[in-house]
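**Student:** One letter stands for each residue in the lines below.
Protein chains: 2
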Amino acid sequence: MKNTKEYIATHRNRFIQELIDLLKIPSVSADPAFTQDVLDTAEAVEKALLEAGCDTVEIHETAGYPIVYGEKQIDSSLPTVLVYGHYDVQPADPLELWDSPPYEPVIKKTEIHPEGAIFARGSCDDKGQMYMHVKALEFMVKTDQLPCNVKFMIEGEEEVGSNNLAVFVKEHREKLANDIILISDTGMIANDVPSITTGLRGLSYVEVEVTGPNRDLHSGLYGGAVANPINILTKMIAALHDENNRITIPGFYNKVEELSAEERAEMAKAPFSLEAYQNALDIDSVYGEKGYTTNERNAIRPTLDVNGIWGGYIGEGAKTVIPSKAYAKISMRLVPNQDWPEITELFTKHFEAIAPKGVTVKVTPHHGGQGYVTPIDTIGYQAASKAYETTFGKKPIPQRSGGSIPIVALFEQELGSKTILMGFGLDSDAIHSPNEHFGVWNYLKGIETIPYFYKFFTEMNKG
Amino acid sequence: MKNTKEYIATHRNRFIQELIDLLKIPSVSADPAFTQDVLDTAEAVEKALLEAGCDTVEIHETAGYPIVYGEKQIDSSLPTVLVYGHYDVQPADPLELWDSPPYEPVIKKTEIHPEGAIFARGSCDDKGQMYMHVKALEFMVKTDQLPCNVKFMIEGEEEVGSNNLAVFVKEHREKLANDIILISDTGMIANDVPSITTGLRGLSYVEVEVTGPNRDLHSGLYGGAVANPINILTKMIAALHDENNRITIPGFYNKVEELSAEERAEMAKAPFSLEAYQNALDIDSVYGEKGYTTNERNAIRPTLDVNGIWGGYIGEGAKTVIPSKAYAKISMRLVPNQDWPEITELFTKHFEAIAPKGVTVKVTPHHGGQGYVTPIDTIGYQAASKAYETTFGKKPIPQRSGGSIPIVALFEQELGSKTILMGFGLDSDAIHSPNEHFGVWNYLKGIETIPYFYKFFTEMNKG
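So the protein lines, in turn, are chains A and B. If you read the first sequence in the UniProt record's numbering, its first letter stands for residue 1, the second for the next number, and so on. If you read the second sequence in the UniProt record's numbering, its first letter stands for residue 1, the second for the next number, and so on.
Think of the hints as simulated: they come from the structure by calculation, not from any bench. Keep in mind that the hints are not guaranteed to be accurate.
Copies of the same chain are indistinguishable here, so a pair counts whether it falls within one copy or spans any two.
[What the hints assert, rightly or not] Listed next, the in silico EDC-like pairs over lysine to aspartate or glutamate satisfying Cα-Cα at most 20 Å (straight line):
1) Lys269 - Glu316
2) Lys109 - Asp339
3) Lys142 - Glu18
4) Lys2 - Glu412
5) Lys349 - Glu96
6) Lys362 - Glu316
7) Lys394 - Glu207
8) Lys357 - Asp242
9) Lys394 - Glu174
10) Lys5 - Glu257
11) Lys455 - Glu96
12) Lys357 - Glu243
13) Lys357 - Asp284
14) Lys357 - Glu289
15) Lys5 - Glu58
16) Lys47 - Asp31
17) Lys357 - Glu275
18) Lys362 - Asp282
19) Lys386 - Glu342
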């Protein structure tokens with residue numbers, strides 16, 4: 001690869017402006033109120049791929065939001081890279097906690113991002129990281145250095161479970177045929193500690209509803225005499241963990257992969273400061289499963305978190321009511337070998353079983369996905385490692401992530417190829433949170449590093 | 001009293017229409033969005049009292065919503081009745097559960113109300129029951145049968161704690177001097193089983209806030225490693241009851257009045273069908289403190305109910321977030337002898353004490369009030385009993401209510417007089433719930449019965 005730095009320096013401001021324009025469209029897939037914005041974003045991605053140099057770009061309609069598919073074929077004898085990303089974003093609420101409006105991107109310097117970071121919903125997850133690949137393609141095409149074939153598959157439902165992408169993949173195995181899948185939707189340890197994600201957690205996301213009396217009741221006239229759905233819901237959720245913070249669902253841990261002492265020792269080598277971690281979150285203590293370190297708890301151990309809870313009167317002031325219903329959204333992060341449909345079923349059975357008389361319980365599965373592991377001895381991993389080494393000046397550390405990209409396991413199953421997770425974001429980028437941001441340095445470093453992956457992967461395939 | 005039935009029959013439709021007009025004003029004291037409506041309601045009450053025959057009516061400004069005070073003095077040697085009521089109402093949400101808009105009153109027949117019931121927020125609690133007294137006064141004045149002096153004190157903050165009424169009462173002891181206080185803000189057992197409320201529960205209402213990390217976090221990257229404020233809040237709330245559904249707050253039961261076997265046997269005589277109770281609420285079982293019946297649980301035993309809970313993502317679809325904060329509104333119903341400020345302090349200390357490391361807890365007291373008991377051997381109770389006997393044809397049953405009218409205990413303390421609770425609503429009227437209603441029969445029966453109380457109370461005072 002020649003002149004990567006020069007090309008990026010020359011087009012730096014345009015690269016940033018194009019991303020900012022994309023971030024201005026509130027493509028929230030979880031909320032029907034933003035339907036048109038999500039559709040507009042798909043068209044913006046189509047346009048960007050064409051301008052970057054794709055020969056053909058199609059917008060594939062699905063039962064949900066469309067999938068943008070583009071490709072640049074140069075020689076069928078050369079390997080093919082399939083780039084996956086998503087153009088939808090998480091909801092931005094709570095809005096009041098944003099220092100600047102989530103869809104009015106601004107660049108501000110931070111301690112970790114002295115060159116400035118772009119603050120906006122989706123800046124890192126995943127519009128910013130997806131767009132690095134679009135600009136990397138532009139560089140390779142415009143400078144005649146694209147060493148292999150490339151396909152892009154950018155979806156609009158990653159934040160709501162990718163159900164329609166799964167259908168699309170199963171129906172287009174040939175079109176999507178590839179030698180390696182490349183995704184930037186994860187993070188790295190630090191700007192001076194590059195890392196490659198080699199493991200992802202699975203996910204089971206459910207919504208529960210507890211119903212007591214057939215109507216809201218006066219807590220004076222009925223208080224103490226009937227089951228209060230909120231009190232019951234808190235009891236039931238509390239019962240899902242034991243005193244060691246282990247999940248109490250029967251069978252939940254049956255298939256959990258237990259790492260060897262060696263593997264855990266290897267993981268422990270990654271630089272980590274518990275004090276810095278706690279300070280960054282303003283907490284006086286971490287909290288989790290007994291017997292595991294913080295990095296183990298959020299990477300190799302399954303979890304159960306309530307992501308939302310509501311019931312009764314939540315407005316201003318006071319209302320003395322016993323509500324008819326109480327609700328919660330609950331997600332379980334799973335580790336390799338745990339099967340998400342099975343876990344969803346175990347949860348449902350158990351949750352129904354622990355409901356006391358006086359209430360009825362409904363569990364509605366939302367979505368889920370399997371965990372995933374990338375072996376570090378593959379050509380794909382080696383090519384990525386060499387690419388980071390070239391642009392960062394040091395070998396990246398293989399790292400398990402606690403996050404989930406449910407579709408990755410399905411890619412391997414349906415397309416038979418491995419996925420390389422080249423993430424350039426940082427944990428502190430606040431994805432899924434108010435004030436999400438993505439470092440300008442990280443954005444440009446990604447655009448610089450990605451072409452080297454194409455180069456080394458193509459060379460390693462020949463040799 | 002002469003011609004009560006005739007007068008009511010003649011003016012029936014106007015009495016109903018006037019109440020409907022009052023119910024159209026959404027006087028929700030808990031929600032600042034309705035400020036002007038609450039103020040408009042105060043003026044409507046002022047107008048109604050003047051038209052009913054009060055000599056003077058004043059709107060007393062307070063730090064919150066005004067108190068409407070009116071009086072009709074006929075002879076200082078005669079006894080004085082002080083009527084208390086409130087013109088504010090509970091919030092109407094959840095609006096989607098109303099069969100007709102809460103502030104567009106409609107009259108519909110029901111099984112229990114064959115003559116029809118007025119459906120609207122506040123129809124029973126307390127606009128409808130308060131207005132019975134206004135119309136009873138009109139009858140006595142227009143027919144020259146008012147046997148004693150009468151004072152009206154109608155406030156606009158009962159649903160939010162009556163804090164400013166307490167100040168008003170302390171500052172106007174002389175103005176409010178009376179021989180008996182009369183309130184219709186409770187219910188009776190059934191239209192053919194009249195009852196008088198002789199006991200009220202106290203109340204302590206608090207709001208709690210649990211804070212974990214300083215921002216919302218991605219549940220994949222942080223799940224399992226940090227305390228999730230929602231999970232913690234459910235654990236803490238669940239821990240407030242033991243396996244027998246007794247409240248675990250140290251000292252909570254210290255001052256609870258334990259009724260004798262005789263008193264409990266007397267209470268048990270009130271007609272009650274557990275099956276009918278469960279069917280009316282569509283529940284397969286009641287739920288409460290071990291060792292007590294349903295009627296005991298909601299009348300003579302203290303309780304702790306969550307009235308509202310919220311945290312995390314509660315919108316459409318799914319969001320994998322660990323929120324920074326989770327909240328709950330919690331109210332405790334207290335029994336006579338329990339001191340609400342003391343209970344509020346015990347709750348606060350305990351709730352802070354059971355917070356695990358990794359979160360901080362904030363408890364904000366909302367409001368509260370003491371419990372109350374009316375002895376049945378007083379002239380006031382006897383006069384009320386005789387009034388019911390006259391219009392219902394049978395002796396009313398003395399009954400403890402689970403509800404709270406915090407101000408009643410303060411009346412006795414500051415004004416030195418007892419309160420008679422002549423309620424004409426039914427538990428099934430759904431006060432504080434969607435589709436609140438008040439039977440037309442009950443409304444008119446109240447207007448018919450109240451004048452007899454004035455008559456008998458005045459006679460018993462002379463004799």
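**Student:** A separate judgement is required for each hint: does it hold in the structure or not?
**Tutor:** The hints, checked one at a time:
1. Lys269 - Glu316: neither (49 Å within a copy, 41 Å between copies)
2. Lys109 - Asp339: neither (42 Å within a copy, 55 Å between copies)
3. Lys142 - Glu18: Result: close within a single copy only, 17 Å intra versus 80 Å inter.
4. Lys2 - Glu412: Classified as neither: same-chain Cα gap 33 Å, cross-chain 91 Å, threshold 20 Å.
5. Lys349 - Glu96: Answer is neither; intra-copy 38 Å and inter-copy 31 Å both fail.
6. Lys362 - Glu316: between (29 Å within a copy, 17 Å between copies)
7. Lys394 - Glu207: neither (44 Å within a copy, 52 Å between copies)
8. Lys357 - Asp242: Between copies only: 16 Å across chains, 22 Å inside a chain, cut-off 20 Å.
9. Lys394 - Glu174: Classified as neither: same-chain Cα gap 37 Å, cross-chain 86 Å, threshold 20 Å.
10. Lys5 - Glu257: neither (43 Å within a copy, 81 Å between copies)
11. Lys455 - Glu96: neither (45 Å within a copy, 60 Å between copies)
12. Lys357 - Glu243: Answer is between; shortest inter-copy Cα gap is 14 Å, intra-copy 25 Å.
13. Lys357 - Asp284: Intra 39 Å, inter 7 Å, cutoff 20 Å: inter-copy only.
14. Lys357 - Glu289: Answer is between; shortest inter-copy Cα gap is 14 Å, intra-copy 31 Å.
15. Lys5 - Glu58: neither (31 Å within a copy, 81 Å between copies)
16. Lys47 - Asp31: Neither way: Lys47 and Asp31 sit 24 Å apart in one copy and 48 Å across, limit 20 Å.
17. Lys357 - Glu275: between (46 Å within a copy, 15 Å between copies)
18. Lys362 - Asp282: So Lys362 and Asp282 pass the 20 Å test across copies only (16 Å; inside, 36 Å).
19. Lys386 - Glu342: neither (39 Å within a copy, 68 Å between copies)
The earlier numbered hints that this structure contradicts are 1, 2, 4, 5, 7, 9, 10, 11, 15, 16, 19.
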